[in-house]
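Participant: Sequence:
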Amino acid sequence: MWQKITQKIKSIEEAAALVEAWRSSGEKIVWTNGCFDLLHLGHIKYLCQARGLGNRLIVGVNSDASVKRLKGPQRPILDQESRLTKIAALEAVDMVVPFEENTPIVPICRLRPDVLVKGGDYKPEEVVGAAEIKEWNGVIFIIDFEAGHSTTEILRKIKTLRDVD
Numbered sequence: 021m022w023q024k025i026t027q028k029i030k031s032i033e034e035a036a037a038l039v040e041a042w043r044s045s046g047e048k049i050v051w052t053n054g055c056f057d058l059l060h061l062g063h064i065k066y067l068c069q070a071r072g073l074g075n076r077l078i079v080g081v082n083s084d085a086s087v088k089r090l091k092g093p094q095r096p097i098l099d100q101e102s103r104l105t106k107i108a109a110l111e112a113v114d115m116v117v118p119f120e121e122n123t124p125i126v127p128i129c130r131l132r133p134d135v136l137v138k139g140g141d142y143k144p145e146e147v148v149g150a151a152e153i154k155e156w157n158g159v160i161f162i163i164d165f166e167a168g169h170s171t172t173e174i175l176r177k178i179k180t181l182r183d184v185d
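Each residue of the sequence shown is one higher than the last, beginning at 21 in the working numbering.
Hints in this document: simulated from the structure, not taken from any laboratory.
Any given hint might turn out to be false.
What the hints assert, rightly or not - Simulated restraints, written as ranges between beta carbons of each label pair: (1) ARG130 to ARG89: 36 to 42 Å; (2) ARG176 to LYS88: 16 to 22 Å; (3) LYS154 to ASP183: 44 to 50 Å; (4) LYS177 to ALA41: 41 to 47 Å.
All of these numbers come straight from a predicted model, not from anything done at the bench.
Even glycine gets a Cβ: it sits at the ideal position worked out from N, Cα and C.
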């Protein structure tokens, strides 16, 4: 079981080879990405919805250095290996690809997904890769946020509990 999970974690080049095989079999490739620091119900529902938009779901996960640059010096809470493995353990996810950059433009352009998915805090034209995905006739899909589920909210609750104790 463990090997089945960890085999889903691929470099961009390994991912490209698999995507080519999937695409040649006529499968629709879906891409989404995020930090996924503290995995919560909102993430799981989001990833399940994303998976429903195609045959294969690839999830890009920001590296530790990338999360630190984007979220600040106290983040990530969980290290890259933990975050990659948690996402890979989800049945809805076919592949997990770490990336070092602040944005996923490099893996998006390399893998050329058919569907690019982001959460409800984005407008389609604001999504990184929006212009590029249109070049190969892909589509952008925005999934509404699950109210009451966010990493920021979890961290706020933890801080409140710590301050009370």
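Participant: All hints are to be evaluated individually against the structure, with a verdict given for each.
Facilitator: Structure-based check of each hint:
ARG130 and ARG89 have their C-beta atoms about 21 Å apart, which leaves the hinted 36 to 42 Å range violated. Here the CB-CB span from ARG176 to LYS88 is close to 20 Å, well matched to the stated 16 to 22 Å. A hinted range of 44 to 50 Å holds for the C-beta pair LYS154 and ASP183, which are about 47 Å apart. Taking 41 to 47 Å as the suggested C-beta distance range, the pair LYS177 and ALA41 conforms, at roughly 43 Å.
Consistency with the previously given hints fails for number 1 only.
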